[in-house]
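Peer 1: Starting from the known structure of chain A, arrange chain B on it as the hints suggest.
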Amino acid sequence: MSAGSGRLLRPERLKELSLLAVIGVTILVFTPLVDGYLSGRFFNRVSTSVTIIAVLAVAQTLVIITRNIDLSLGSIVGVTAYVTGQFVAAHPDVTPVAGVGLAILIGAGLGCINGVLVAYGRVPAIVVTLGTLAIYRSWLIEYANARTITTDELPSWVADLPRTTVASWGDLDLRLVFVVALIVVVVLQATTAKLRWGRWLYAIGSNPDAARQMGLPHRRLVLSAFVGSGALAGLAGFLFLARFGTINVTAGQGFELDSVAAAVVGGASILGGTGSFVGALLGAVLIDLLDQSLVRVEAVTEFYRNAILGALILLAVIGDAGLSAWFRRRRASEARPAVGTVPSPAEATPAAPGPAASPIPDHDEEASHA
Amino acid sequence: MRDRLRPWSWEILLALILVVSIVYNASRSDVYLTGDNFVNLFQLSIEKVIVALIMTFVIINGEIDLSVGSVMAFSAAVMATVSESGLWGVDVPFGVAIVIALLVSLVVGLIHGLVVVKTGIPSLVVTLAGLIGWRGAARVLVEDRSVGDFPQWFGELARDDLVGPLPFTLVLAIVGFAVGGVVLHRTAFGRSVFVIGNNAAVARYSGIDVARIKLRLLATSAFVAGFAGILFAARLGSVRGNIAETFELDIITMVLLGGISIFGGSGSLLGVALSIVIVLNLRNGLTLANVEGQVQTGVIGALLILSVLTRNVAERYLLRPRAASPLEPVPAARASP
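In the order they appear, the protein sequences are chains A and B. Everything in the first sequence is counted per the numbering used here, starting at 1 for the first residue and increasing by one. Everything in the second sequence is counted per the numbering used here, starting at 1 for the first residue and increasing by one.
Isolated chain B, as found in the complex:
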């Protein structure tokens, strides 16, 4: 009942915001409605979009990963240093360096996941330590240098069009969201991600291997972040220790604005996809209107608060009968992060 109705009404609200912002932007600028502008708009944040996909899974599962920005930098730094100076004196081909960086990211994720699962320390805390630590590890590797000099195909990967006007990364994100949507909303695995997020104890009693799913998601999260870090390096053309700093906040904002509950257990990938388009669209529009980047972040922060606030107010005054269910805990009473 509510599971059907609520998320959809949320997505309709997002779609309305999107239409308004498109109409507004189109009225302000005549380059806005060109295909190139839309591709550009996505390409400039494509790494965040890819990480937001896995972050959606993690948050629905009732966990969070604050370390993604640092893991992006760490993975890119591993790739750059391995390709630059080799491993133990042996030169490493660039492709192998990428594979090594991806494996290292996976290990990072396994460490996060194992600590969370084995010790019961909240992922917020574990990945907070990761946020500090992996950023430090990236600095250890590249220090204050800028490591570049990548093969030509690597840079082209990020820039050149693959299908029609769409570059590789954008195609990847679209396919990723399609596959992710099916996995999350149409498979048993996806259901158990929701069930765990709703109530881990119930999930355990229904025979779901909670620890294993949490471990998998946190490991995948770091792996995807590492992958996104490599894509970011390809687009930038060089790696520094401070790349992707504070990306975690933008990514989490995209996910939460998409109607995913921070307490886990509810939301849909369609909502996140819509919210990403809204956020990028807004930034694009504000840039065209000459609003500074940091101030844009403030506007998006306000949108984030307002989106949840309006939903609460609407629920309270328009959908009042819903609150009658005695079994449902009141939202404010549930566990914070």
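Bound-form chain A, shown alone:
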């Protein structure tokens, strides 16, 4: 893909390009199989349905980058969708901004609980979020007391939200919810690429020991990732409320694993330090596109969908692993002639052994034991 002239594509960009290619192939394969596949209506359908899982994939990526995982996302979606739904139903004159703000706030609060336990309680993220997955959900069940929120209770602006169109070309509508998802992706991609905060998130995920020795505020960074992911899950919860209208206590169940699948297909490494938000969006789009396309192929009954989806996800990650390995080999062989090149600043290498005094006061206490 990149000419061997030293200007190499970054692995993230390569992954995004390969995902785009896979999405293109998917479209080519399904076009002859499904009537009216390349229509504006199908685009509207996919772009609306992908938003929730795209936002969650971005949330999951934010946490995965720091070498953690958030399995409570589905429960956070359920809690925010229900509580926010109940609130706007009880206060129909509340402004949209306040409604969305409430959802984001609740999500951020729940994410903060996760983050504090992981960063300050030093409990592994998978343990914490496996626990809060169950705790948030059972709180919701107690709280809801078997009551379901229905579409009629909600103010009309909530129910109209999924169909609100920003711009349209013929059949093809650009839906507001899709634009929201795009904005989320662009904002996170830009801030993590440009802001110090974002670079540090990658640093603590790719080499925690080195990041610690450099004096990065490890705990605050992990906490911020969890709060961010919770806030995004809150937003997804609101999108869920708007899209389905009818909310019961099972809302969002299983989304935690869907979001991990989308993030991982999108190139986030579960070992931390790698992943992009554009990739997360593309991963979500690919999975949703496959899902929506398979529904429309008559030969594939609904019973086959998950089986094929599982196989395709596995193929995607295997293909991705092969591609990355090829890329590494290529880079290694191209880098060999130039021995004395300066390592890229993004790769945080351990600084001089043990700087005795940390320049940053928030320096993690563990490091001082060493």
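Source of the hints: derived by calculation from the structure; they are not laboratory data. In this text, a Cβ means the ideal position worked out from N, Cα and C, and glycines have one as well. Don't take each hint at face value.
Which bits of chain B does chain A cover? Going by a derived footprint, with three or more residues having C-beta under 8 Å, they are [claimed, not checked]:
#, region
1, 122 to 133
2, 171 to 177
3, 251 to 258
4, 288 to 302
5, 305 to 312
Peer 2: Below, chain B alone, put in the same frame as chain A:
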């Protein structure tokens, strides 16, 4: 030193929790302390207990298997459809259908293991795809039907007492844990499972065939899950596409509560056995106190977090000198899942 002291203190804590929960439950209900109640309490989750045994090995080895619930359903679905409609038009005796289902589960595990070992993709991701895919495969086989009509002996296998008041499945679990404990803590194989979980690179340099052990464990994990799925079908009397859904979370919770580190390399089977008894005991007690199933799960989730949190806090303030070892990476810094 620490390897001796730490796990034991953890198990003592679990034993204390257990005693408290038994005393509490006994004070709340007079049927609680009967032998039948205890047998019942185990029997209702026996499949999870059996899978938790192999999950302990997998997690100590530094891997994870999220697909167990789906593989349970897939294996049961294979058994049910093969016995119902035969293979390529040939009727298959029920016993053979079970063998086929077990072989299929083994193949499933080999696929997981080979992908993990050959491509280096984390088992979390591979078995996540398995979680979606094998559940789908089970749906392909049984669609939305409920396939039952099993021979009588099959149902009796799950229900009837074998030794004293203990049914076959419970005897199997007890024997399994005894054998598993010996294999994990007293054999060279068990040691290498720990060594790999602690540091795969070191294990490789000490001449341990890391790939082979990982492959074996992941294959066994699916095989045991398939077996548990068949036992589950025997107890339920029929197979549906959605059986054993979300079992993976309960099973992993049991293992982690048992003091097994999610990063691999530490823990003991005794701890897992204790945590299983605690979890089942708690559920039993909460049921007797009329607490809903989903809310029980929340209580167990809280217990899971608290168990690790209290250990961290205790270590920090009571066993402080331990942190002096410069060679040991701080826990928070180690690889997540």
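Peer 1: Would you mind marking each hint as holding or not holding in the structure?
Peer 2: Hint check results:
Three residues within the 8 Å Cβ limit are the bar, and the region 122 to 133 of chain B against chain A gives 10, so the coverage statement holds. With 0 residues having a beta carbon nearer than 8 Å to a beta carbon of chain A, the region 171 to 177 of chain B misses the requirement of three or more and the stated coverage is violated. Counting residues of the region 251 to 258 of chain B whose beta carbon lies closer than 8 Å to any beta carbon of chain A gives 3, which meets the minimum of three for the stated coverage. With 10 residues bearing a CB less than 8 Å from a CB of chain A, the region 288 to 302 of chain B meets the requirement of three and the coverage assertion stands.
As drawn, the region 305 to 312 of chain B meets chain A at 4 residues by the rule of a beta-carbon pair under 8 Å; at three or more, the given contact holds.
Taken one by one, the earlier hints fail for this structure only at number 2.
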